Amino acid sequence: MSWIIIFACLFGLIMIYFNQYKVQSRNQRIKVKAVKPMVESFDTKQPVAKRNDGLNWKRPKLDYKEIADVFNKAETFYSKKDYENAKKTYINVLTLHPLHPGANNKLGLIYLKEGRASKAEVIFRKLVEIKPHEAVYYSNLGLALYSLGHKLEAKQAYTRAIKLDPKKDSRFLSLGQVCVDLKHWKPAINAFSKALELNPKNDKLYFYIADLLIKVQAYNEAMAFMKTYLNMNPYSKEAKDKIREIKIKSGASPLNVDPRAELKKDPLDL
4 MSWIIIFACL FGLIMIYFNQ YKVQSRNQRI KVKAVKPMVE SFDTKQPVAK RNDGLNWKRP
64 KLDYKEIADV FNKAETFYSK KDYENAKKTY INVLTLHPLH PGANNKLGLI YLKEGRASKA
124 EVIFRKLVEI KPHEAVYYSN LGLALYSLGH KLEAKQAYTR AIKLDPKKDS RFLSLGQVCV
184 DLKHWKPAIN AFSKALELNP KNDKLYFYIA DLLIKVQAYN EAMAFMKTYL NMNPYSKEAK
244 DKIREIKIKS GASPLNVDPR AELKKDPLDL
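Start counting the sequence shown at 4; every next residue gets the next number (our numbering).
These are calculated hints, taken from the structure and not from any lab test. It is possible that part of the hints are untrue.
With a Cα cut of at most 35 Å, we get these calculated DSBU-like pairs of lysine-lysine [stated by the list, open to error]:
#1 LYS76 x LYS134
#2 LYS129 x LYS189
#3 LYS134 x LYS189
#4 LYS154 x LYS134
#5 LYS240 x LYS218
#6 LYS171 x LYS83
#7 LYS207 x LYS218
#8 LYS207 x LYS250
#9 LYS76 x LYS189
#10 LYS129 x LYS76
#11 LYS170 x LYS218
#12 LYS207 x LYS166
#13 LYS197 x LYS129
#14 LYS84 x LYS122
#15 LYS134 x LYS166
#16 LYS218 x LYS154
#17 LYS84 x LYS64
#18 LYS83 x LYS170
#19 LYS116 x LYS186
#20 LYS166 x LYS91
#21 LYS207 x LYS83
#22 LYS170 x LYS129
#23 LYS186 x LYS170
#24 LYS84 x LYS134
#25 LYS91 x LYS129
#26 LYS197 x LYS230
#27 LYS243 x LYS171
#28 LYS84 x LYS116
#29 LYS204 x LYS83
#30 LYS122 x LYS83
#31 LYS197 x LYS218
#32 LYS218 x LYS84
#33 LYS230 x LYS243
#34 LYS243 x LYS207
#35 LYS186 x LYS207
#36 LYS76 x LYS64
#37 LYS207 x LYS240
#38 LYS189 x LYS240
#39 LYS207 x LYS154
On a predicted model such as this, the values are computed, not experimentally measured, just so you know.
Generate coordinates for the entire structure from the input sequences, incorporating the hints supplied.
In structure tokens:
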């Protein structure tokens with residue numbers, strides 16, 4: 004009898020343990036099912052820290068007096084055409100202030116003088132990004148590109164410079180020369196005409212423009228240019244020769260009278 008009681012107690016304990024195990028297993032399964040895929044959230048702490056670092060970051064302080072002193076020293080070398088020392092000193096300026104426009108510009112010009120147009124191009128491209136409204140940097144970029152043989156890009160750079168500042172005849176002259184090289188005759192005529200308008204004392208432009216007008220067979224316009232020049236310089240043999248050339252090429256007589264008109268005259272009037 005006692006064995007039956009002991010067996011019943013053991014069986015009861017086993018059933019209690021088994022039931023607890025089932026409950027625990029069910030709870031674990033429920034917990035596993037309840038877990039959803041985690042969406043990777045934006046970690047606000049790290050970006051905030053980075054933003055704070057950015058707000059707290061300060062530019063290195065520039066010693067403007069030292070920069071000005073070194074730049075002025077470089078300018079002195081440049082004015083004396085001591086380009087080697089000027090170059091070294093401009094580089095010193097850029098060590099202190101890498102984006103110094105004046106030092107970059109002069110260094111680019113020195114590189115052009117040295118025949119290092121590729122290095123000059125890099126500098127002037129940087130300058131037009133730093134100072135996109137400064138015509139001089141586009142003009143110098145045009146010179147660098149022209150030196151490299153990139154004439155179409157040079158034309159674009161000079162055109163941009165002129166749009167920003169249309170008051171310098173030298174830029175129109177440069178644009179005109181590029182257009183001649185590209186055989187863009189009419190833009191060349193327009194550029195040289197504008198240069199002449201800005202600097203009427205540049206007598207050679209009358210002849211440049213006349214030659215281009217002859218090339219596009221605009222003989223009347225070429226004649227008008229040379230007659231204007233001849234009125235100002237009545238003894239110019241060069242102008243008279245050019246007028247004769249225009250008459251011949253246009254099919255007109257180089258004489259003062261039209262021989263066709265003379266043939267129509269009555270012989271009794273001769």
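Taking the hints in turn, this is what the structure says about them:
With a C-alpha separation of about 24 Å, the suggested pairing of LYS76 with LYS134 holds against the 35 Å cut-off. With a C-alpha separation of about 32 Å, the suggested pairing of LYS129 with LYS189 holds against the 35 Å cut-off. For the proposed pair LYS134 and LYS189, the alpha carbon gap of about 31 Å is at most 35 Å, so the pair holds. Restraint check for LYS154 and LYS134: satisfied, since their Cα atoms lie roughly 23 Å apart, inside the 35 Å limit.
As the CA atoms of LYS240 and LYS218 are separated by approximately 22 Å, the hinted pair is consistent with the 35 Å bound. Between LYS171 and LYS83, the direct Cα distance comes to roughly 25 Å. Compliance with the 35 Å bound is thereby established for this hinted pair. For the proposed pair LYS207 and LYS218, the alpha carbon gap of about 17 Å is at most 35 Å, so the pair holds. For a cut-off of 35 Å, the pair hint linking LYS207 to LYS250 stands: about 20 Å separates their Cα positions.
Between LYS76 and LYS189 the alpha-carbon distance is near 45 Å, which puts this suggested pair outside the 35 Å criterion. With a C-alpha separation of about 24 Å, the suggested pairing of LYS129 with LYS76 holds against the 35 Å cut-off. Taking the CA atoms of LYS170 and LYS218, the gap is near 28 Å; set against the 35 Å cutoff, the hint holds. Straight-line distance between C-alpha atoms of LYS207 and LYS166 comes to about 25 Å, which keeps the hinted pair within the 35 Å bound.
Between LYS197 and LYS129 the CA atoms are separated by roughly 29 Å; this keeps the pair inside 35 Å, and the hint holds. This hinted pair checks out: LYS84 and LYS122 have alpha carbons roughly 20 Å apart, not beyond 35 Å. A distance of roughly 15 Å separates the Cα atoms of LYS134 and LYS166; the hinted pair therefore holds under the 35 Å criterion. As the CA atoms of LYS218 and LYS154 are separated by approximately 21 Å, the hinted pair is consistent with the 35 Å bound.
For a cut-off of 35 Å, the pair hint linking LYS84 to LYS64 stands: about 32 Å separates their Cα positions. For the hint pairing LYS83 with LYS170, the CA-to-CA distance comes to about 28 Å; that is within 35 Å, so the pair holds. Distance restraint check for LYS116 and LYS186: the Cα-Cα separation of roughly 27 Å lies within the 35 Å cut-off, and the hinted pair is therefore satisfied. Simply put, LYS166 and LYS91 have alpha-carbon atoms about 34 Å apart, close enough for the 35 Å limit, and the pair holds.
Using a Cα cut-off of 35 Å, the hinted pair LYS207 and LYS83 holds, with the two alpha carbons roughly 31 Å apart. Of the pairs offered as hints, the one joining LYS170 and LYS129 holds, with about 24 Å between alpha carbons and a cut-off of 35 Å not exceeded. A C-alpha spacing of about 25 Å is found between LYS186 and LYS170, which places the hinted pair at or below 35 Å, so the restraint holds. Restraint check for LYS84 and LYS134: satisfied, since their Cα atoms lie roughly 26 Å apart, inside the 35 Å limit.
Proposed proximity of LYS91 and LYS129 is supported: the alpha carbons are some 19 Å apart, at most 35 Å. A threshold of 35 Å between alpha carbons decides the hint, and for LYS197 with LYS230 the separation of about 18 Å falls inside it, so the pair holds. A C-alpha spacing of about 30 Å is found between LYS243 and LYS171, which places the hinted pair at or below 35 Å, so the restraint holds. With a C-alpha separation of about 11 Å, the suggested pairing of LYS84 with LYS116 holds against the 35 Å cut-off.
Using a Cα cut-off of 35 Å, the hinted pair LYS204 and LYS83 holds, with the two alpha carbons roughly 29 Å apart. Distance check on the hinted pair: LYS122 and LYS83 sit about 23 Å apart at the alpha-carbon level, within 35 Å; holds. Taking the CA atoms of LYS197 and LYS218, the gap is near 19 Å; set against the 35 Å cutoff, the hint holds. Using a Cα cut-off of 35 Å, the hinted pair LYS218 and LYS84 is violated, with the two alpha carbons roughly 41 Å apart.
Distance check on the hinted pair: LYS230 and LYS243 sit about 9 Å apart at the alpha-carbon level, within 35 Å; holds. A distance of roughly 14 Å separates the Cα atoms of LYS243 and LYS207; the hinted pair therefore holds under the 35 Å criterion. Between LYS186 and LYS207 the alpha-carbon distance is near 20 Å, which keeps this suggested pair within the 35 Å criterion. Among the hinted pairs, LYS76 with LYS64 is consistent with the structure: their alpha-carbon atoms are about 22 Å apart, no more than 35 Å.
The suggested pairing of LYS207 with LYS240 holds, with an alpha-carbon distance near 14 Å, which does not exceed 35 Å. Restraint check for LYS189 and LYS240: the C-alpha separation of about 27 Å stays at or below 35 Å, so the hint holds. At most 35 Å may separate the alpha-carbon atoms for a hinted pair to count; LYS207 and LYS154 meet this at roughly 23 Å.
When the structure is compared with the earlier hints, violations turn up for hints 9, 32 and for no others.
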